[in-house]
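Spelled out, the chains give:
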Amino acid sequence: MIEELLWYYIGFTILLTIGFSIYGIAVRPHLVKKMALFTILGDAVYVLLVYLGYTLNSTNPPVIPGGSLENPVFSSKTDIQRFIGSTVDPIPQVFIVTAIVIGLAVFLLLAIVSLRIAREYGTLITTKIREVSGDE
Amino acid sequence: MVSYETLLGVLPVLMSLFTIAMIIYSIRVFTSKTLGSMVLAIDALVVDLVVLMVLVALYYKSAFLLIGVIPLASWVFLLDVVVARYLEKRWSK
Amino acid sequence: MIDLILFYIGVALVFIGGVMDILATIGFFKFKEFYTRLHAATIGSIGGGLYPLIGVVFIVLGLDIDYNLKLVFTGTSIIAAGIIALATPAGSHILARGVYRSREESPSVIIDRLGEDLERGEME
Amino acid sequence: MNRGYSVSIVVFTIILAVVYLVYTGSYGLVEITIALLVGVGVSLVLAPDLILNPSKMSPRRFITAIYYLVKYFTIIEAKAHWSVLKLILMPSAKYNPAIVRIPYSVTSDYSILLISNSITNTPGTVVIDVDEKRKYLYVHWIDATSVEDQEARKSVSEEFENYAYKIFE
Amino acid sequence: MKKLEVVIPIVIGLGLFILLYNSGLLSVERSLTTLAEKYLEYIPDASSIYTSMAFEVVTAVIWDQRGFDTYFETSVLFFAIIATLAIASKLEDIIGERRSLTIIVRLVTRILAPIIVVVSISIALHGHITPGGGFQGGAVFVIAPLLLMLAYTSDWIRSRGFTDRKLLLLRGLGVTLIALAGLIPVVYSYTTNINAYLFQNQAKPDSFFNYPAYLQTPISTILVSGTIMLLNILEFIAVLTGFTLAFYYLTREFEKRGGGE
Amino acid sequence: MILLLSSIAATLALISTILVLYEKDVAKAVVLAGVESVFYALLLQVFLAPDLLIAYVGIGLGLNTVVLLYVLTKGERYEEA
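Protein chains in written order, with the working numbering: chain A, 45 to 180; chain B, 395 to 487; chain C, 38 to 161; chain D, 272 to 440; chain E, 97 to 357; chain F, 11 to 91.
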């Protein structure tokens, strides 16, 4: 019972984090703060996916133990079957590994664009940029 | 040889100590007034978390979980250096 | 027998480390100023970080687990402890320097040799 | 320069290979070969100038270093921890913090690192700045007993400096 | 106004929670999906026909089952870095004084950087056995040049002979070789009329093209898991050079005067 | 026990996100975003994803904070209401 409650509580907390970061990206005027909340949004989504792949009785990461670079001995079928019963879901992790690196690539691009904006307009706050550039 | 079950008997006590320390450190992080104090508290917090991570790996009895400990320990130093650079940059202006 | 002794030495070290960590957090609250908190942070990183990691080495040596697992745990803990002993003091030094020089916080001390020397221009 | 260069490469190759093997956790022959290759490559690029004078390397210095490390992390640390923990635990503890100037006379980089890390790692003293030209360390001392340069040196860093002379100079 | 600042995020979070709860994704009783079970069953099993000959399921899926996909993800990274370089200004010399940090930090950085590099190489090389791989190794590696560039100035990286041109060349080489390793089966299939797939690793029931799983050395047998180890190493080179380059430009931008307050 | 630990970590991550949202000093907000990543790193460890943990410690923690502080030097440190 208490385990179940804690389980739902973790999910709820992660989703609340997503909510707060979405709101912050939309509302806060400072570009750096927008970017910080953007990274938090990404992180929360990663952790949410990993959380969805975790089962309460799992004790192993999705890596077969006992491997070595030289003279490796592959596990037998029964060992692997026993291993499957105690591991987490690898598929969310597969998606996220590349997503993290691409997230950084996108983020670098955002950073460079912000640097250009700062040099062009002398400010990083979006409301001020609007005043400086004279747009509506 | 001491059995793994004996360890599972004492591990909750040890982990809870570090968890309590983690909570208080993070309260310190959240309530600090200046950037310097905050980063200082984060230093101590991350070192605390390194130990906690090793204990979690011991709990799961999996060597694979130890793999992130060394990058995390060296991250603290990176944070210190970059914050010092940032502050110095503002000072020299 | 020796395993039992090693194991309990390790548990004691980790336990002492945890207690030190909590005491360091109290120190963080008691000291009101950045420069005095630096000392509490040292307790947190050495007493609460390095000693527990050494303690984990002792625990693992006395524990009945796979030989290979023992090696990995021992090695990683020792390397992590080494990095902590090497990098944390340098980190707090450079942080303190940055904070001092940027005048984020000025120390309340009985004597400030660094400030005097900086003012006289003897040190850049 | 040449001898220093090659000794430096060899020593750091061994150290890095050990780190690689420990982190990897398996000790086969192929693994050791790869470790040595990686060690040579990395130390050629990143560590050619980390040892300045190979003629100083001797087993006596090594044993002194280990003796110092053991002594430092048991006796000296315990004393320093206790003195700061007293300040934390006593509700009305009085202390007088000061930034003192401590001269040092060692020349090698490693000695400076050893002294300053030893000072910072003992709770109660933290190196805030270092003046390389005039050879001063500026130390924040939580409970200063003296503000004069030489006396502060006597109670803060003299022991570390003696060992630094024995190990690195 | 102040109340709205709290209410709206909570409403968003609660809405998401209800959505996920109703779809049953959050329930405590859960089991592996069929696809995950198949992956876990076949990939590490050397006697199976769909094996990848690797112990690490995640990396095996990334480079074997989803190799084509991952190649384009790597290219996304490549193009992002190209765009970064295009938008960043030219490398004019920085006016004004730049100082490196104190001797303590410089020495600690110099000791720490090789250790981080060695650890990252270990992570990348053992990608098919223990957790890790090219992406992860590259991500850990970047901490080292970044620390060196912060402790010294950004000139450090040029003083060691790593010009931006060389780094970009390595980066492109990495991506190209990954594509080549994926294309070889197709070329082979055209020349010999044997069925083979793009980014194929081990033999499949209807295709007998096979990258070798083991490498025989005079000392002993090394497990390379077909293309997986090779692609991990190439990916490691590509990621580390790309990020080092991007951070080189960013650090130079950071060191310039001006801006702020 | 492990669930309790992870729920504490998730809560602390949520609190730091909220503080990032309301903090006026953007430099502190950036560092708080780093703290949030630290707790999520612990969550990844607890949820048995060592693969992600390495990538995340390198990128999500280290490089993001550095980039954000780089950008911040070129603009205002404080965000007006």
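These aren't lab readings, by the way, just hints derived from the structure by calculation.
One or more of the hints may lead you astray.
With the C-beta cut set under 8 angstroms, the calculated list includes, among others, these residues of chain E facing chain C [stated by the list, open to error]: (1) V102; (2) I104; (3) L197; (4) T198; (5) L208.
Every residue, glycine too, gets a C-beta built ideally from N, C-alpha and C.
- Message: Next item in the hint list is L197 (chain E). Is there a CB on chain C closer than 8 angstroms to its CB?
- Response: 6 angstroms, holds
- Given V102 (chain E) as an interface hint, is the shortest Cβ-Cβ distance to chain C below 8 angstroms? 28 angstroms, violated
- Item | Per-residue hint verdict: L208 (chain E), partner chain C, C-beta under 8 angstroms | With a closest approach of 6 angstroms, the L208 (chain E) hint holds.
- Item | Interface hint outcome for T198 (chain E) [beta carbon to chain C under 8 angstroms] | 7 angstroms, holds
- Item | chain C contact restraint on I104 (chain E) - CB to CB distance below 8 angstroms | 34 angstroms, violated
Consistency with the previously given hints fails for numbers 1 and 2, ordered from lowest to highest.
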